[in-house]
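*Asks:* Make a model of the complete structure from these sequences and hints.
2 protein chains.
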Amino acid sequence: MTIEVDYQFPPGVDAERQAKVIAVGQTAGTWDERFAHREARLKSHLAEVVRVETQETGSLATIHFPEANVEGDIASLLVAIFGKYSMAGAAKVMAVRLGEDYGSRPKLGITGIRERLGVFDRPLVMSIFKPALGLTAADHGTIFAQVAHAGLDIIKDDEIMGNLPAAPTLERLAACRKVIDEVKEKTGRTVLYAVNVTGRADRLIENARELVRNGANALLLNVLAYGFSVLETLARDRAIDVPIFAHPAFAGAMCASPDTGLAYSVVLGTLMAHAGADAVLYPAHYGSLPFDPLQEAKIRDSLRQRNVFPVPSAGIRAEIVPQILTDYGSDVILNAGTGIMDSPGGAAAGVRAFFNALECA
Amino acid sequence: MTIEVDYQFPPGVDAERQAKVIAVGQTAGTWDERFAHREARLKSHLAEVVRVETQETGSLATIHFPEANVEGDIASLLVAIFGKYSMAGAAKVMAVRLGEDYGSRPKLGITGIRERLGVFDRPLVMSIFKPALGLTAADHGTIFAQVAHAGLDIIKDDEIMGNLPAAPTLERLAACRKVIDEVKEKTGRTVLYAVNVTGRADRLIENARELVRNGANALLLNVLAYGFSVLETLARDRAIDVPIFAHPAFAGAMCASPDTGLAYSVVLGTLMAHAGADAVLYPAHYGSLPFDPLQEAKIRDSLRQRNVFPVPSAGIRAEIVPQILTDYGSDVILNAGTGIMDSPGGAAAGVRAFFNALECA
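Keeping their order, the protein sequence lines are chains H and L. The opening residue of the first sequence carries number 129 in our numbering; numbering runs sequentially from there. The opening residue of the second sequence carries number 129 in our numbering; numbering runs sequentially from there.
These are computed hints drawn from the structure, not numbers from a lab. Because the structure is a prediction, the values reported are computed rather than measured. Quick reminder that beta carbons are idealized off the backbone N, C-alpha and C, glycines included. Misleading hints may appear alongside valid ones.
[To be verified] Examples of chain H residues toward chain L, derived with CB under 7 angstroms: (1) Q183; (2) A208; (3) G211; (4) K212; (5) A260; (6) L261; (7) A329; (8) E334; (9) F378; (10) A379; (11) A384; (12) T388; (13) I448.
*Replies:* Structural data, given as C-alpha cells:
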C-alpha cells in the first residue's frame with residue numbers, strides 16, 4: 129500500500145517544483161556517488177509525484193509515499209508527510225488516503241457504543257458539564273442526576289476540566305458513577321460519562337486504566353494537545369474496554385489557516401479514524417463556531433467508514449435537530465452543552481426538548 | 129502565579145470583545161442564578177483581560193489565566209489557552225509567559241551536555257545522518273566513524289528515520305555505540321548519538337528506556353508529532369539520564385500562518401523550554417528554510433534562560449560560522465546535515481571545515 133497525500137499551494141507557487149522537493153526531501157533526501165551501490169534501496173523510499181493540477185485557488189499536487197517509510201501510526205506519518213516541509217512555506221495538506229489496515233481501529237465505535245447503551249434506532253443525545261470550571265465533584269453528581277434521569281445517553285467533562293484539586297477526576301467519577309448505577313437499577317438504561325483523562329503521557333495512560341478500574345464507562349481525550357501517540361496507546365490497551373471520545377481542542381492551531389497546516393477533514397476525520405477513536409467531536413456548521421459544511425461532511429464520512437461515531441458539536445440546540453437528521457440520519461451523537469445545560473426550564477427540560485424534537489422528526 | 133498570554137487579531141476584528149470571549153469562554157464559561165452560591169469559586173477561575181492594544185498589524189490582547197486552571201504541564205496549558213478558541217476564527221498566540229517553576233526543566237541542558245562532552249569554551253558541532261532513509265545500520269556505523277574520528281561532537285538520526293525493518297533502531301545504536309567506544313578509548317573524547325525514539329506513547333517510553341539501557345547517550349524526539357506529554361514523560365524519567373534533543377518537525381503546521389496558530393517562538397522556545405528538552409532544533413534564518421530572525425532570537429533567549437541548548441538548523445554551512453558566532457556567541461550547537469555530509473571532500477572534511485571556521489573566528 130502507498131500513502132496518498134494531496135498538498136495545496138497558493139497561486140504563484142511553482143507546484144511542480146515543490147512537489148518534487150517533497151518527494152525527495154521528505155524521504156531519502158539527496159545522495160551522491162558514494163551511495164551509488166545503494167541506489168535501489170534509496171529509490172525504494174522515494175515518494176512519487178502522481179499529478180499536479182492547477183485550480184482556481186492555487187495548485188494541488190498528489191504524492192505517493194511508500195508505507196515502508198513509516199511505522200503504521202499517525203505520528204511517524206505526520207513527520208514523513210509534513211515534518212520538515214511544514215516549515216518550508218505556504219502549503220496545506222488537503223487529504224490523506226491510507227490503506228484500510230493502516231493504524232488502529234476503534235474497539236467499540238458506532239456499533240459497540242450502541243450495544244453498550246442498548247439504543248439502535250435513533251441518534252444519541254449527549255451533554256457537557258457546565259459551567260466548565262468551578263463546580264465541585266458533588267455538583268457534577270447533582271447535575272448528572274438531573275440529566276441522566278431525564279433520559280440523556282451520554283455526558284462528558286468540559287475539555288478544560290482536568291484533574292484539578294477543586295474537583296479531582298476520581299471524585300467526579302465517584303459522584304457520577306453513583307448516578308449511573310441508580311439509573312441502571314431504576315430503568316435498566318446505561319448512561320455513559322466520558323471522563324477527561326489528562327496528565328503527562330505515562331501518568332495519563334495509568335490514570336486511564338485507574339479510571340476504568342474505578343468504574344469509568346467512557347473516556348474523553350484532548351488528542352491534539354496530548355498527542356495521537358497517546359490516543360493510539362489507549363485505543364490498543366485491552367484494559368481500557370470503554371469508548372474513547374476524541375475532543376478537537378487545539379485543532380484550529382493546525383487547521384484554521386487557508387494556506388498552511390492541514391485540512392480539518394484530515395485531522396478530525398482521517399487521522400482520528402485511523403488512530404482508534406470511538407467517537408470524534410468537531411464543530412458543526414449550524415453551531416457557534418465558523419465551520420465549512422464540506423469539511424464537516426468529509427469528517428462525517430471518514431469517521432463512519434471506520435465505524436467511528438460522528439459528534440457534531442458547539443452550539444447544537446434542539447431547534448436544529450430536524451436539520452441535523454437531514455444531514456446525518458440516525459448514526460450521529462447530538463452533543464449539546466449550553467443547549468441543554470442553559471435551557472430556560474433547567475437541564476432536565478433541556479434533555480426532554482431534544483427527545484421531543486427527535487420524536488417530532 | 130498567573131499565566132500571561134498575548135493574542136494577536138487581524139485588522140477588523142473586535143479585539144476587546146474577542147478578549148472577553150476568551151477570558152470567559154476558555155475558563156468558567158457562563159453561569160446563571162442556579163450557580164449564584166458558587167460565584168466566588170467560578171470567578172476564581174475566570175481569566176482577566178489585562179490590556180488590548182491596537183497595532184499596525186492588528187490588535188494585541190494580553191490575558192491572565194489563573195494557574196489553578198491547569199495541571200502544570202504543556203498539554204493542559206494548550207487546551208486552557210487555545211483549545212476551543214483555536215477554532216473560533218483568526219487569532220494567533222504570540223507569546224506565553226509562564227512562572228519559573230511551571231513545567232519541567234532539562235535534566236542536563238547546556239551545562240550538563242558540556243560536562244558529558246568535556247567541552248566548555250566553544251560551540252558544539254553536530255551533524256545528521258544523510259541520506260535520510262535507505263541506509264543500513266552498518267552504513268550508519270561507517271558514516272559515524274568518519275565524522276566522529278574527525279572531531280564531531282554530536283550526530284543525530286534524520287527525523288524521518290524511525291524504527292524501520294531496513295535499519296532497526298537498536299541495530300543503528302549498536303553500530304554507532306561501537307564507534308563511540310572506539311573514539312573514547314583512542315582519544316578520551318565523548319561523542320553523542322541522538323537516537324530517534326518513536327512508536328505509540330507506551331512503546332516509545334519503553335523504547336527510550338531500552339535504548340538507554342543499551343548504551344544510547346542521547347535521544348531525539350519529534351515532540352510536535354508525538355506530543356509534549358511524551359517529552360515531559362521522558363524529561364521526568366530518572367532512567368533516561370541522557371540529553372533529549374527536541375526536533376521541530378510539524379512545527380510549521382501550527383506556526384507558519386500569520387493569522388492563526390501560535391508563534392514559532394512560543395512553540396519552539398517557551399513551550400519546549402518548559403517541557404524539559406535539553407536541546408531544541410529550529411530553522412535558522414541563514415538557512416534553507418524561510419525564518420524570521422526575530423523569532424529565532426526569541427527562541428534562542430527563551431531556551432538559554434532555562435539552560436536549554438539552542439540548535440539553529442537547516443542549511444548551516446561552515447561559511448556562515450562567523451555570522452552564527454556573532455548572533456549566538458559560544459553557547460550554541462552548530463547543526464549541519466548536508467553542510468557536513470555532502471561536503472565535496474567527504475564527511476570528515478566537512479567536520480574539519482567547521483572546526484577550521486571556528487578557529488579562524
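*Asks:* Hints first: check each against the structure and report whether it holds.
*Replies:* Here is how each hint holds up against the structure:
Interface restraint check: Q183 (chain H) against chain L, minimum CB-CB distance 20 angstroms, threshold 7 angstroms, status violated. Given hint, A208 (chain H) at the interface with chain L, holds; its Cβ is 5 angstroms from that chain's nearest Cβ, closer than 7 angstroms. For the restraint placing G211 (chain H) at the interface with chain L, the shortest Cβ-Cβ distance is roughly 3 angstroms, inside the 7 angstroms limit, so the hint holds. For K212 (chain H), the suggested interface contact is upheld, since its CB lies about 6 angstroms from the closest CB of chain L, less than 7 angstroms.
The beta carbon of A260 (chain H) is positioned within 7 angstroms of a beta carbon in chain L (closest approach about 4 angstroms), and the interface hint is therefore held. Checking L261 (chain H) against chain L: minimum C-beta separation of about 4 angstroms stays under 7 angstroms; hint holds. Satisfaction of the interface hint for A329 (chain H) is found here, the shortest Cβ-Cβ separation to chain L being roughly 4 angstroms, below the 7 angstroms cut-off. The beta carbon of E334 (chain H) comes no nearer than 10 angstroms to any beta carbon in chain L, farther than 7 angstroms, and the hint placing it at the interface is violated.
Checking F378 (chain H) against chain L by beta carbon gives a least distance of about 5 angstroms; that is within 7 angstroms, so the hint holds. Because the beta carbon of A379 (chain H) sits about 6 angstroms from the nearest beta carbon in chain L, less than 7 angstroms, this interface hint is met. The interface hint given for A384 (chain H) holds, since its Cβ lies 4 angstroms from the closest Cβ of chain L, which is under the 7 angstroms cut-off. A hinted interface residue such as T388 (chain H) counts as satisfied when its beta carbon comes closer than 7 angstroms to some beta carbon of chain L; here the least separation is about 4 angstroms, so the hint holds.
For the restraint placing I448 (chain H) at the interface with chain L, the shortest Cβ-Cβ distance is roughly 19 angstroms, beyond the 7 angstroms limit, so the hint is violated.
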